[in-house]
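Enquirer: Using the hints provided, position chain C relative to the given structure of chain U.
Top line first, the protein sequences correspond to chains U and C. Using this note's numbering, read the first sequence as starting at 1 and increasing by one per residue. Using this note's numbering, read the second sequence as starting at 1 and increasing by one per residue.
You may find that some hints are simply not true.
Keeping only pairs whose Cα atoms sit at most 25 Å apart, straight-line, the calculated DMTMM-like set for lysine to aspartate or glutamate is [what the hints assert, rightly or not]:
#1 U:Lys185 x C:Glu206
#2 U:Lys185 x C:Glu310
#3 U:Lys185 x C:Glu221
#4 U:Lys185 x U:Glu148
#5 U:Lys185 x U:Glu242
#6 U:Lys185 x U:Glu209
#7 U:Lys185 x C:Asp27
#8 U:Lys185 x C:Asp306
#9 U:Lys185 x U:Asp128
#10 U:Lys185 x C:Asp140
No lab work stands behind these hints, which were simulated from the structure alone.
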Amino acid sequence: MPDRRHVLLGGLALAAAPATGWAEAGNPAYLAAARVGPEAHALFGIDAAGRDVFRVPLPGRGHAAAAHPLRPEAVALARRPGTYALVLDCRSGRVAARLTAPRGRHFQGHGAFSRDGSRLYTSENAYDLGTGRIGIWDAAGGYRRLGEVPSGGIGPHELLRLPGSDVLAVANGGILTHPDSGRAKLNLASMRPSLAYLSGDGDLLEQVELPPGLARNSIRHLAARGDGLIGFAMQWQGALGEPVPLLGLHRRGEAPRLLGLEPARQLRLRGYAGSVAFSGDGTGIAITAPRGGRAHVFAAESGSLAAEILRGDICGIAAGPAGFLATDGLGGVSRLSGADAAPLARHGDRNWDNHLVAL
Amino acid sequence: MRVLALCLALLWPAAAAAGPSVDAALDGHVLPRVARLAEAGAALSAAAEARCAPEGEALRAAYHAAYDAWAGVSHLRFGPMEEADRGYALAFWPDTRGATARSLARLLGEDPALLADPAAFATVSVAARGLLALERLLYDAPGAAPAACGVIRAVSRDIAGTAAGLADAWALHAPLMRAPGPENALYASEMEVLRTLFTAVATGLEFNADVRLGRPMGSFERPRPLRAEAHRSGRSLRIVRLSLAAIEELALALAVTAPAPDRAAIAAALDGARGAAAALDDPVFAGVATPQGRFRVEALQQRIRDARAEVTARLGPALGVSAGFNALDGD
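Isolated chain U, as found in the complex:
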């Protein structure tokens, strides 16, 4: 493995000419940010067995990453309320471009590219206005900021592009924060989370809200299946003892479907889902619950619980060849299939951060 990587890295000089895609970065299958040791942070490319393919240092705690659809380029976004985002050349580890959120905006940790790779979209908090924005950057021309559009709510968090289209799905978490107050939540009593669909130019196409009793269920993370089915994961801001659903499914034009469980099992997630992903074959959808130390896997069609998989501090999750791949805060990479977590690798030098991004 190291040999192959060296060959690839050695070939970089030539590769400066026409970009030939992710193969030049060693063909990582996933991207994930991590804390390394007590102080350092990095973005890693890993293969399907959880082994390192590359590693690029980050200036502060990362969150998620967005992968360019064609070029071996990843954008690592600062965890909120950070204002940096780095465009990384994953062949060399070089910083290809540095994005700074405009005055009065900070990043929320997630971004997505347009279908042709010409634009990057970033979720942002316009904190003095108390509303959410989607920043648009020119990925074809040095990542100049092109402009911004309303996200359709407060506190947009994850956004993604629907497969095969330029439509964006945005999770508006509904929670107002201001960097002057750190990460404190300022509007819990009046929050209105939503799932919004925007055109590539930012027109609001459709918006989905939860029933009034679930207004405190912050919609934060998203997964998309090839046919346009969206999974959305939530974080409950109400009383800890309320067994509310933390996963929903939505298809454009339809009503959302919430996947609740019997209270005893629901409460084990401690009201907090950290990430969501569809399985490799699309039949399953999983949410991770780092506070509950487990993942719940549901059958996407029936909406019934298929498996409960225990794993301490599990959070990152993405589609795997059979089922899912997951990362945890103890440095572990596991394969989830059936009702079981099979450890693939454990990197004792690091704590995987919230998200695992499939390439």
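Expert: Same frame as chain U, now just chain C:
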């Protein structure tokens, strides 16, 4: 030779014997307390068999003793407590949708054969099992309907069975906690064992503050005293007192290797919370309905939260664990 060494390694998986903190927690806290709960469960079932009248003194005393024992282990929400839903089968609370009342009503009309068969009964909804179901039967009974006697006995027998199952499961689980290692399916390192026990302390304190006190407190505009745990039998505050004492026992067992000043600070913080609970004179938190009463319960809640902050700040580093990287500070 290397092959032999490998075989030996597989036969005797890296027995990274757990340290004194784990032994102290298991031998001085977990195992005696789950044993006590099993005994209390058996005594409860025996009392129900002997005389099932809801107002019977012996039966009610046995119910209280079993609930006391439960309060002493309710923070150990992992492993044996989660397997087979034992925790919720013993105490289905909070019951946010009134499921216990509904399930019990259904059960009272059930076939006596179901009630007589412990294995069949163990499959009924957890909401109709356990101490909260029994509490309703004993303290909220619509007269002593003849059917109630069978249900009281069945629920009591089931509590005894679940409590015994918990003790049996702990007999298998404790050795795993004492011998972490790469071959151990549950605990790869001592750190994972300590993290599990440490988390039980932290989340146990949180549960007392946020749920046991927080639910009846409701909001200032809308206090919800009838949401207090086991208010029908008048023991809501008693549960919090016993739980705090048990959590303190666990925290101090884990702190056996901590530096003396940290140990003293942990003890002081938990003593403070326990003292505040002892001084509160509001057995079912009915006081939350008035501003002064609410203020007193809120003060206790704050003491518990302060204790949690102090304990996590000192015990975590002393054990070399922190709450999980992702669990602690999510996004």
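Enquirer: The structure should be examined with respect to each hint, and the outcome stated for every one.
Expert: Structure-based check of each hint:
1. Between the alpha carbons of Lys185 of chain U and Glu206 of chain C the distance comes to roughly 19 Å, so the proposed pair stays at or under 25 Å and holds.
2. Between Lys185 of chain U and Glu310 of chain C, the direct Cα distance comes to roughly 23 Å. Compliance with the 25 Å bound is thereby established for this hinted pair.
3. Pair hint Lys185 of chain U plus Glu221 of chain C holds up; C-alpha atoms about 21 Å apart against a cutoff of 25 Å.
4. Between Lys185 of chain U and Glu148 of chain U the CA atoms are separated by roughly 24 Å; this keeps the pair inside 25 Å, and the hint holds.
5. At most 25 Å may separate the alpha-carbon atoms for a hinted pair to count; Lys185 of chain U and Glu242 of chain U meet this at roughly 19 Å.
6. Proximity of Lys185 of chain U to Glu209 of chain U is assessed by CA-CA distance (about 20 Å); at most 25 Å being required, the pair is judged to hold.
7. For a cut-off of 25 Å, the pair hint linking Lys185 of chain U to Asp27 of chain C is broken: about 42 Å separates their Cα positions.
8. Under the criterion of a C-alpha separation no larger than 25 Å, the hint pairing Lys185 of chain U with Asp306 of chain C is consistent with the structure, at around 20 Å.
9. With a CA separation close to 15 Å, the supplied pair Lys185 of chain U and Asp128 of chain U stays within the 25 Å bound.
10. At most 25 Å may separate the alpha-carbon atoms for a hinted pair to count; Lys185 of chain U and Asp140 of chain C exceed this at roughly 41 Å.
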